[in-house]
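There are 2 protein chains.
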Amino acid sequence: MSILVVGSVALDHVETSFGSVEEAVGGSAVFFSAAASMLAPVQMVGVVGSDYPIEKLDFLARRGVDLSGIETAEGESFRWKGRYSYDLNDRTTIWTQLGVFAHFKPSIPEHFRDARTVFLGNIDPVLQLDVLDQVRNPELVAADTMNFWIDGSRDPLLKMLERVDILMVNDGEARQLADEPNLLKAARWIQRHGPEWVVVKKGEHGAVLFGRDTVFFVPAYPLEDVFDPTGAGDAFAGGFFGYLGRSGGRSDDDFRRAMVYGSVLGSYAVEQFSVDRLKTLTADEVNERIRQFRDLTAFDLEVEAAPNG
Amino acid sequence: MSILVVGSVALDHVETSFGSVEEAVGGSAVFFSAAASMLAPVQMVGVVGSDYPIEKLDFLARRGVDLSGIETAEGESFRWKGRYSYDLNDRTTIWTQLGVFAHFKPSIPEHFRDARTVFLGNIDPVLQLDVLDQVRNPELVAADTMNFWIDGSRDPLLKMLERVDILMVNDGEARQLADEPNLLKAARWIQRHGPEWVVVKKGEHGAVLFGRDTVFFVPAYPLEDVFDPTGAGDAFAGGFFGYLGRSGGRSDDDFRRAMVYGSVLGSYAVEQFSVDRLKTLTADEVNERIRQFRDLTAFDLEVEAAPNG
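Heads up: the sequence lines are chains A and B, in that order. Using our numbering, the letters of the first sequence map in sequence onto residues 42 to 350. Using our numbering, the letters of the second sequence map in sequence onto residues 42 to 350.
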């Protein structure tokens, strides 16, 4: 089952303690698609400027991503420059040039409008709502958002939430949205405002899935060398929805498995700059790491009566 | 199998957004023993001042803790006052009165010297070494430490590490000790300096066990109301070693199960001030939460070939 993703297509400038990269393909829709296309067909909607090296997205097309929703607008592409702290836990934005992304108004191609699985990347919630108006009968709608919209566009954001099945945010965003420091309470608040499922990404601390009656944790894969954390969250989302797109299942067990796929794809994304690692990734490598995730949390415990309780 | 613990016995003053408590029993040896004694007999070594309300430790004696290693010294007890931020993630020490703890020199009673499992709470590494010299033939030695000793007593700390099987610290301490921001590399560094096992406690983000060929994650139990985080790490240690003391096993699987017991006991510790919740805790409640931990990380995933890999 094919997945429709709407989000940014960018050129990233990134500095880490391991080196730097300029004019590298990035953006939420790109990282999402690079990951999701390992598992299911993807339909991508976004905008680039006339200066965008569009051939750099050819690897996506070769992997079954339909790029016909990428509009080329007169002007400069969305560019961003960020620098990571030595321990990679803090990111400073050096500059942001929105370019044509500032006037992005997603137009969903006719042949994408029957998409059953829709991922609304982190864009203006007004535009996220507009996308939903263009899609005829989606079966599973997920959205990302960020502090900028939580602060400045709360009303459309809450309207958007009502139409979403899964909100996928980081822990700071979940707490900010619900104005609640306790993550479990924050997730329950979000669920009361629409989404049946809340996925909270916590970077090196893994991710948590909140369902109606379920909480499920998946750790981050322990890597000796995290090279560039950019795009890890979007690759997580791509792995998550790629798995759901492939399996077609919607049970609690399916969502648990999707979390593991998300964590696996996110872990590969950070091993090199930009989408470089996702480009060369093979199905065997995905499966190998899926197997390793089992060992990371598996335990065998028969509960017996404690002698001194 | 009985567990010997050496650590602080304190009177805590704690402020959280839920309220405050004064002159409450606390200290690493107390939280450890309150948790471990749910699972195995404990022998406790520490010092209190002549002003200590020693009857407040009666609940430990009733649960099989041998308190004969608690020395009463002339002077004031160790007192500490701390305040937690609204979200409970930051703790400020308002004041510390070391009192008799400043001159603590652990003397291990003769009938404790055959202990096979020894937990060295967070005290001067010189004293931790001294304790090990007094114990005849320990089979499993674990230690905690903190930034103060990592900064100021590095040489004795490294000597102590050589004689320890398990180092149990928080993530900041692991990184500081190894001077390495990557947690996996930091754990490997620590393992090269002595301990076969490293347990890294990450508070609300759970805990990680690093063995020779294994990495195992256990999440923190998701609580709607964390009341007072004081002692959570020591209760974790108590649950961990209490399980190992009870089971007697030393395999990778035993250590994984110990991590789950640690997380369960730590989660109960934070539900009320001081050791209040651990006091009333029953074996059934421990078992109930152990069962819930299975659901928190269990997934069932047969790896198949990806169609688009």
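Derived by calculation from the structure, the hints in this document are not laboratory data. Please note: incorrect hints may appear among the correct ones.
Each pair may be met inside one copy or between any two copies, as identical chains are not told apart.
To be verified - Simulated crosslink set (DMTMM-like; lysine to aspartate or glutamate; CA at most 25 Å straight-line):
1. 226 - 326
2. 97 - 115
3. 146 - 254
4. 200 - 56
Bear in mind that the values here come from a model prediction, so they are computed numbers and not experimental data.
Taking the hints in turn, this is what the structure says about them:
1. 226 - 326: between (37 Å within a copy, 22 Å between copies)
2. 97 - 115: Within one copy, since 19 Å is at most 25 Å while 76 Å is not.
3. 146 - 254: For residue 146 and residue 254, the Cα distance exceeds 25 Å both inside one copy (37 Å) and across copies (51 Å).
4. 200 - 56: Classified as neither; 37 Å inside a copy, 39 Å across copies.
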